[in-house]
Amino acid sequence: MQLKPRAGDYVIIAAIIITAVLMAFLFLENDSIEKVAVITHNNTVLDTVRLDRVNDRYTLNYQGEYPGTIEAENGRIRFSHAECPDQVCVRTGWISRPGQIAVCLPAGIIVKIEGNVTDEDIDIIVR
Amino acid sequence: MKKLTLNSMLISLAVVLSYAERFIPLDLIVPLPGIKLGFANIVTMFALFFLGIPSAITVTVLRCLLASLLFGGMSSLLYSLSGAFFALNVMILLKLGYNKFFSLLGISMGGAAAHNTGQIIMASLMMRNTAIFSYLPFLLLTGLGTGLITAVITVNLFRIIEKTNSV
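If you read the protein sequences in the order shown, they are chains A and B.
Quick note, the first sequence lines up with residues 0 to 126 if you use numbering that gives the first Met the number 0.
Quick note, the second sequence lines up with residues 0 to 166 if you use numbering that gives the first Met the number 0.
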């Protein structure tokens, strides 16, 4: 028995690549000045952080079965510490572009960056 | 009786392989949740090709159950079962065109892609958040690589078995 690819194999490979590329474009968002990181746990929003407005440093400690810490600084955010077994969330590192996510699957925490927010925080714009 | 013994051996082999591949942590190189080599799929493909669909289903379900009991948890059981369910269904369908349209390469890659899709669907259901789907394109692409690796191993395994005629 040899590993002789058949015509259908190439169809499968092409289908997977095309699906992946199309999906990647679907999730691609334009970079924007306004950036909000939305931190959710099982679809309840724990906190939202205006990344472009973090002056000093922002930290959020979350509890649960696998507790951890999320930190943000000037335009970027990451899981800085987590007690989950796989540590994928910490190794994801800093994320800074709209559309990017960092996830801790065991803890059920998702950090997603959203751009171009219509923001109620802005009281007045002076031109 | 022979089939029962063989099935049990395959289940334990698959559990050992799931455990062993934890020592090859792909997520160190590519930090994606759920990324893995999928060596247990070698056993699934063997069961599917040499013992038939019922065997493949039994081996897969019990392998997921045992692996989760031993070194996972409730959530890991749901992830592995959803991935395995999708992968097995896709591979059963692709096997219908085996030798005519597909080789083990396509079946293995298709299975890997289905596995990743199933896991992401389960993750989005469990976290009640569809944001996790943005990882799927990267998982699908890495699945081409891991699917190739498992296909090469499986082909060599099948070759040895056919040579010695030992099943």
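By construction, these hints were calculated from the structure, which means they are not laboratory data.
Some hints here could point you the wrong way.
[Claimed, not checked] Cut-off 30 Å, straight-line C-alpha distance, at most; resulting in silico cross-link-like pairs (DSS-like, lysine-lysine):
hint, chain 1, residue 1, chain 2, residue 2
1, A, 3, B, 99
2, A, 3, B, 162
3, A, 3, B, 94
[As the list claims (entries may be wrong)] A short list of chain A residues far from chain B (calculated; beta carbon distances all over 10 Å):
hint, residue
4, 11
5, 32
6, 57
7, 73
8, 85
9, 99
[Unchecked claim] Simulated coverage check for chain B against chain A, where a stretch passes if three residues somewhere in it have a Cβ under 8 Å from a Cβ of chain A:
hint, stretch
10, 5–17
11, 97–103
None of these values were measured; they are calculated from a predicted model.
Just so it is clear, CB atoms sit at the ideal spot from N, CA and C, and this is done for glycine as well.
Consistency of the hints with the structure:
1. Restraint check: the Cα-Cα separation between residue 3 (chain A) and residue 99 (chain B) comes to about 11 Å, which is no more than 30 Å; the hinted pair holds.
2. Note on residue 3 (chain A) and residue 162 (chain B): the hinted pairing holds, with a Cα-Cα distance of about 18 Å set against a maximum of 30 Å.
3. Annotation: proposed proximity of residue 3 (chain A) to residue 94 (chain B) holds, straight-line Cα distance about 15 Å (limit 30 Å).
4. At the 10 Å boundary, the C-beta of residue 11 (chain A) falls inside the reach of chain B, the nearest C-beta of that chain being 4 Å off.
5. At roughly 21 Å from the closest C-beta of chain B, the C-beta of residue 32 (chain A) stays outside 10 Å, upholding its exclusion from the interface.
6. Non-interface call for residue 57 (chain A) relative to chain B: holds, since the shortest CB-CB distance, roughly 20 Å, exceeds 10 Å.
7. Consistency note on residue 73 (chain A): stated as away from chain B, and its beta-carbon is indeed over 10 Å from all of that chain's, at 22 Å minimum.
8. Remark: the non-interface label on residue 85 (chain A) conflicts with the geometry, its nearest Cβ contact in chain B lying 7 Å away (cut-off 10 Å).
9. With a least CB separation of 8 Å from chain B, residue 99 (chain A) falls inside the 10 Å interface cut-off, contrary to its annotation.
10. With 0 residues having a beta carbon nearer than 8 Å to a beta carbon of chain A, the stretch 5–17 of chain B misses the requirement of three or more and the stated coverage is violated.
11. Counting residues of the stretch 97–103 of chain B whose beta carbon lies closer than 8 Å to any beta carbon of chain A gives 6, which meets the minimum of three for the stated coverage.
Violation of the numbered hints given earlier is confined to hints 4, 8, 9 and 10; the remaining hints are satisfied by the structure.
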